[in-house]
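Could you build the full structure based on these sequences and the hints that come with them?
Chains as they are written, first to last, in numbering that gives the first Met the number 0: chain A, 0 to 290; chain B, 0 to 290; chain C, 0 to 290; chain D, 0 to 290.
Simulated from the structure, these hints should not be mistaken for laboratory data. Treat each hint with caution, since some may be false.
Identical copies carry no separate label here, and so any pair may be met within one copy or between two of them.
As the list claims (entries may be wrong) - No farther apart than 16 Å at their CA atoms in a straight line, the calculated lysine to aspartate or glutamate pairs in the EDC-like style are these:
#	residue 1	residue 2
1	Lys160	Asp52
2	Lys160	Asp250
3	Lys160	Asp92
4 protein chains.
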Amino acid sequence: MGDIVFGDNQYGKVACRLVRVSHDGQSGRNGLQDITVTTTLAGDFDGPHLHGDNRHLLPTDSHKNAVYALARRHGIGQLEDFGLRLARHLVHDTAPTIRRARIHLQEHPWQRVNATAFRRYSGETRTATITYDGTTAWAVTGIDDLALFQTAGSQFHSFFKDRYTTLPETTDRSYATLIRAQWRHTDLLEGEAWRASYEQSRDSLIDTFCTIRSTSTQQVLHALGRRLLESCPSLAEVRLHMPNLHHPAADLTPFGLDNPGEILIPIDRPHGLMEGTVLRENAPAPGLSWW
Amino acid sequence: MGDIVFGDNQYGKVACRLVRVSHDGQSGRNGLQDITVTTTLAGDFDGPHLHGDNRHLLPTDSHKNAVYALARRHGIGQLEDFGLRLARHLVHDTAPTIRRARIHLQEHPWQRVNATAFRRYSGETRTATITYDGTTAWAVTGIDDLALFQTAGSQFHSFFKDRYTTLPETTDRSYATLIRAQWRHTDLLEGEAWRASYEQSRDSLIDTFCTIRSTSTQQVLHALGRRLLESCPSLAEVRLHMPNLHHPAADLTPFGLDNPGEILIPIDRPHGLMEGTVLRENAPAPGLSWW
Amino acid sequence: MGDIVFGDNQYGKVACRLVRVSHDGQSGRNGLQDITVTTTLAGDFDGPHLHGDNRHLLPTDSHKNAVYALARRHGIGQLEDFGLRLARHLVHDTAPTIRRARIHLQEHPWQRVNATAFRRYSGETRTATITYDGTTAWAVTGIDDLALFQTAGSQFHSFFKDRYTTLPETTDRSYATLIRAQWRHTDLLEGEAWRASYEQSRDSLIDTFCTIRSTSTQQVLHALGRRLLESCPSLAEVRLHMPNLHHPAADLTPFGLDNPGEILIPIDRPHGLMEGTVLRENAPAPGLSWW
Amino acid sequence: MGDIVFGDNQYGKVACRLVRVSHDGQSGRNGLQDITVTTTLAGDFDGPHLHGDNRHLLPTDSHKNAVYALARRHGIGQLEDFGLRLARHLVHDTAPTIRRARIHLQEHPWQRVNATAFRRYSGETRTATITYDGTTAWAVTGIDDLALFQTAGSQFHSFFKDRYTTLPETTDRSYATLIRAQWRHTDLLEGEAWRASYEQSRDSLIDTFCTIRSTSTQQVLHALGRRLLESCPSLAEVRLHMPNLHHPAADLTPFGLDNPGEILIPIDRPHGLMEGTVLRENAPAPGLSWW
Numbered sequence: 000m001g002d003i004v005f006g007d008n009q010y011g012k013v014a015c016r017l018v019r020v021s022h023d024g025q026s027g028r029n030g031l032q033d034i035t036v037t038t039t040l041a042g043d044f045d046g047p048h049l050h051g052d053n054r055h056l057l058p059t060d061s062h063k064n065a066v067y068a069l070a071r072r073h074g075i076g077q078l079e080d081f082g083l084r085l086a087r088h089l090v091h092d093t094a095p096t097i098r099r100a101r102i103h104l105q106e107h108p109w110q111r112v113n114a115t116a117f118r119r120y121s122g123e124t125r126t127a128t129i130t131y132d133g134t135t136a137w138a139v140t141g142i143d144d145l146a147l148f149q150t151a152g153s154q155f156h157s158f159f160k161d162r163y164t165t166l167p168e169t170t171d172r173s174y175a176t177l178i179r180a181q182w183r184h185t186d187l188l189e190g191e192a193w194r195a196s197y198e199q200s201r202d203s204l205i206d207t208f209c210t211i212r213s214t215s216t217q218q219v220l221h222a223l224g225r226r227l228l229e230s231c232p233s234l235a236e237v238r239l240h241m242p243n244l245h246h247p248a249a250d251l252t253p254f255g256l257d258n259p260g261e262i263l264i265p266i267d268r269p270h271g272l273m274e275g276t277v278l279r280e281n282a283p284a285p286g287l288s289w290w
Numbered sequence: 000m001g002d003i004v005f006g007d008n009q010y011g012k013v014a015c016r017l018v019r020v021s022h023d024g025q026s027g028r029n030g031l032q033d034i035t036v037t038t039t040l041a042g043d044f045d046g047p048h049l050h051g052d053n054r055h056l057l058p059t060d061s062h063k064n065a066v067y068a069l070a071r072r073h074g075i076g077q078l079e080d081f082g083l084r085l086a087r088h089l090v091h092d093t094a095p096t097i098r099r100a101r102i103h104l105q106e107h108p109w110q111r112v113n114a115t116a117f118r119r120y121s122g123e124t125r126t127a128t129i130t131y132d133g134t135t136a137w138a139v140t141g142i143d144d145l146a147l148f149q150t151a152g153s154q155f156h157s158f159f160k161d162r163y164t165t166l167p168e169t170t171d172r173s174y175a176t177l178i179r180a181q182w183r184h185t186d187l188l189e190g191e192a193w194r195a196s197y198e199q200s201r202d203s204l205i206d207t208f209c210t211i212r213s214t215s216t217q218q219v220l221h222a223l224g225r226r227l228l229e230s231c232p233s234l235a236e237v238r239l240h241m242p243n244l245h246h247p248a249a250d251l252t253p254f255g256l257d258n259p260g261e262i263l264i265p266i267d268r269p270h271g272l273m274e275g276t277v278l279r280e281n282a283p284a285p286g287l288s289w290w
Numbered sequence: 000m001g002d003i004v005f006g007d008n009q010y011g012k013v014a015c016r017l018v019r020v021s022h023d024g025q026s027g028r029n030g031l032q033d034i035t036v037t038t039t040l041a042g043d044f045d046g047p048h049l050h051g052d053n054r055h056l057l058p059t060d061s062h063k064n065a066v067y068a069l070a071r072r073h074g075i076g077q078l079e080d081f082g083l084r085l086a087r088h089l090v091h092d093t094a095p096t097i098r099r100a101r102i103h104l105q106e107h108p109w110q111r112v113n114a115t116a117f118r119r120y121s122g123e124t125r126t127a128t129i130t131y132d133g134t135t136a137w138a139v140t141g142i143d144d145l146a147l148f149q150t151a152g153s154q155f156h157s158f159f160k161d162r163y164t165t166l167p168e169t170t171d172r173s174y175a176t177l178i179r180a181q182w183r184h185t186d187l188l189e190g191e192a193w194r195a196s197y198e199q200s201r202d203s204l205i206d207t208f209c210t211i212r213s214t215s216t217q218q219v220l221h222a223l224g225r226r227l228l229e230s231c232p233s234l235a236e237v238r239l240h241m242p243n244l245h246h247p248a249a250d251l252t253p254f255g256l257d258n259p260g261e262i263l264i265p266i267d268r269p270h271g272l273m274e275g276t277v278l279r280e281n282a283p284a285p286g287l288s289w290w
Numbered sequence: 000m001g002d003i004v005f006g007d008n009q010y011g012k013v014a015c016r017l018v019r020v021s022h023d024g025q026s027g028r029n030g031l032q033d034i035t036v037t038t039t040l041a042g043d044f045d046g047p048h049l050h051g052d053n054r055h056l057l058p059t060d061s062h063k064n065a066v067y068a069l070a071r072r073h074g075i076g077q078l079e080d081f082g083l084r085l086a087r088h089l090v091h092d093t094a095p096t097i098r099r100a101r102i103h104l105q106e107h108p109w110q111r112v113n114a115t116a117f118r119r120y121s122g123e124t125r126t127a128t129i130t131y132d133g134t135t136a137w138a139v140t141g142i143d144d145l146a147l148f149q150t151a152g153s154q155f156h157s158f159f160k161d162r163y164t165t166l167p168e169t170t171d172r173s174y175a176t177l178i179r180a181q182w183r184h185t186d187l188l189e190g191e192a193w194r195a196s197y198e199q200s201r202d203s204l205i206d207t208f209c210t211i212r213s214t215s216t217q218q219v220l221h222a223l224g225r226r227l228l229e230s231c232p233s234l235a236e237v238r239l240h241m242p243n244l245h246h247p248a249a250d251l252t253p254f255g256l257d258n259p260g261e262i263l264i265p266i267d268r269p270h271g272l273m274e275g276t277v278l279r280e281n282a283p284a285p286g287l288s289w290w
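Laid out in structure tokens, this is it:
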């Protein structure tokens, strides 16, 4: 069967948790930022895997230390900027056999209550994925944990029926989903422009979902991607991951009650899952954006 | 060692999930309510346990059906009203050996986006626990999953030191907690008064936490309870369950960096847990409020 | 409404994780023990709660340190012995206002593969709860996460039917549950006797569940408790917490298929929950066993 | 920026839970199989996404129904056979625009106690991923949730040190990991041969991990893959996903205690993650094995 060889490989540190409190001694107004960082490195790691030679192996403990030290030196700021700084450090300032780094970041929102106190808010998670190969950097921004519920106007009918199809057709059902979306930028932004871009993208997703009248969840997915690209010219591509949050109507007929889409039973599993990509035809190639 | 006897026992249905969509055909403005209901029944159940006699055993499947049917007949409204209705049904309209019912309810918040669409918000869970013995009903309202973060002014020093104490003293640390609070009402309210009471209580907790300067988490707990009772005369008792959300400062000295409470590492476990009760001396006895 | 007073309270450290590797240099055969420890202290803590006076407040960080230091000094051994040692330390060797301690312990099993390597096994969690008031110690042992499935012979019929009852009667269904049981000892044991007692109790539960033919889950619960007491004379009381693992049969009639209890759909929620206590009439009083 | 187009997309049903009880009336000896099935379909779905045309869209509800109906018609048997049967059904017997199907399956083990009763065992999850494009089928088998702990002989030293490296070198540490492995078959097997192949592969992984003396976790990963291929000639490729289960030693020096790798603190996050592929040079191309 031929020789055995060592193929693709990568390694890193998963889920470095970090809260940064910025103190403004003068105003007494503190800031709070709560993020989770994951590093992944690729390169030539035959040494440790094949030969027990660790000379060029940077411990993942050092990845973690870099997260905290860079946050102290430079602050965090926008996820994308912090991710790029960390990626550059890992590729340029550490072991020579590291060819590229990917940094995945999540931001967990807190709402300000007063000058120094905050309350956790969990309705969305902002994400960023930065990839850097020593020369080029690619940026993908995203949102996770965005649950939306449309109580009217969703249709699903005229679908294909096989011998195992029992689903009734409907012209007015509820439809809810838990959106994870990622969008690829054509160019790197800087500082507050990342935030503005994120907020515009998020608002586009929410607005599209909450106003569309659809005949399938697939149609919603496509519309979310298309309208996001239409409203944000600097984006090249959108990837959507949309598990259904199913809410079938309870059967109340045994109790002499009708149930016109009013009493619904949330079901965790199984659930439908729609995934799709919408992109510009002439956009720059993705390179290592999605690794 | 004496005869073997059957002691305390109870049974019920855990975590009936229910979403109610109310349709206002005229305005086109729908409502959305998302709750989880758990039933617990106590009474004389020697029949099924000891004698294989199920004549007076109401299946938990029927508890669940009642949740959905009552929601269709009467709507949900305030958690406490719905819990009381369900408790009365279970005690009065079902098996004669049921002596009392406890209903625990949680409400999961969604924010309105437009007339028919909603977005999930996860910063707090409103709870209610209703107990009914056929004659008297007791109501306990609560909040869960309320995470608060105070970035300044929390002290912890001058504490007891034993041979295993290494914790440094501090006069200005961050302090975060995940509050679960429950408060006992002296009287039953009705309808929107439940909501107003809940919001007043929640706001008192947030306001107290976010403005206090404390020398221990215990002092915060007591203040939360005391000020809630002071601001809400109709409450008899408050119970607080407060796990710390620990955020120790990262040690950056190996990198030549100081860290004045700025770069913090959230730690899940182990965590400190403070629990305590604050109550009025002459309040009505709790009866079965806490079962 | 009367003065506001401070009522019951307690505090402690939740979920101290600890793995102990014992090295036998001579034989080269190492041991592995994996436990989780939670401490709870009660006493007079008015100082920190009411007066900002921490003089007698032992930080929970010191609870945690004691867990690790005592494990190094004395090993772990049986959960009950380790819990008792920790409880005595906390009550006698630390702050004078501590009146009693409760230690809850869980043991996570690993199976030996060879002299030094182990594989995690997750079919049960052994637990112990030790309470100590400075004079008397109470011991409760238990099991958690024990999932059992009986594929034949379980009946449920002739139950009470109310207007919301639609559950069909059955004389031969599958029945599965996830057992959490705790049993109170009349006397403290020592060393390996704890392990022998645990294994006998666990085996009694498994044997009873797997051989009983029942007419309700309640009947199973009672039999589990009764037979455990019958087989273990040194136990005074058993408490059982038994959520159903529901497995309704899939409805295959739309596809022209029958389904005689063969194709089942596991349902997470909602689920029925049975709780009950079986005890000896003349057993010693529980004291603070259950706090 | 060019036209907006619709790119890669797929959809399916996630986590169909299924327990099959086989009844042998004659012997009274029942069987129990507990699996989770996820379907993913790809093909030409422009209709529903772009044009609101569902004519060729098979509802995910029908995927789920097929899982249950096929299990009733044919039993489950080995995961790979069941997955292949389901994949063929979805590609050949349903909508014409479906080009390929991927079925991911997990098996949750139960241990037999007697002829009809079982106890859940959770030390491993067997997995299979079957891909079918209407002509060719690819099979990948795997294991998940396999936690292994080596208490001796693991080394990690002589690694690369950057300015943020503080990790001490060690020549004898504990090393634990939670293995997820997947291996690609060169040919389809049938029936019990799948089970034999799985058990041989699993045993190879356990044996390699438990006997190797390594200088890095990377070296362990490579050895696991290489030895699995060496011992199983019918496998073409192995992919390994190995998060560390970190167990740093507790610092007991403040208490005058040493700690020679004995008292360890399990840490959930952050954790190192190693991923790698080992394959035969001349093995058949993977085709759609990994989609």
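Intra/inter-copy verdict for lysine 160 and aspartate 250 if alpha-carbon distance must be at most 16 Å:
Neither. Shortest intra-copy (23 Å) and inter-copy (18 Å) distances fail the 16 Å Cα cut-off.
Quick one: lysine 160 to aspartate 92, C-alpha cut-off 16 Å, is that within a copy, between copies, both, or neither?
Result: close only across copies, 11 Å inter versus 59 Å intra.
Intra- versus inter-copy proximity for aspartate 52 and lysine 160 (alpha-carbon distance at most 16 Å)
Result: close only across copies, 14 Å inter versus 59 Å intra.
Comparing the model with each numbered hint stated earlier shows that hint 2 is the single one that does not hold.
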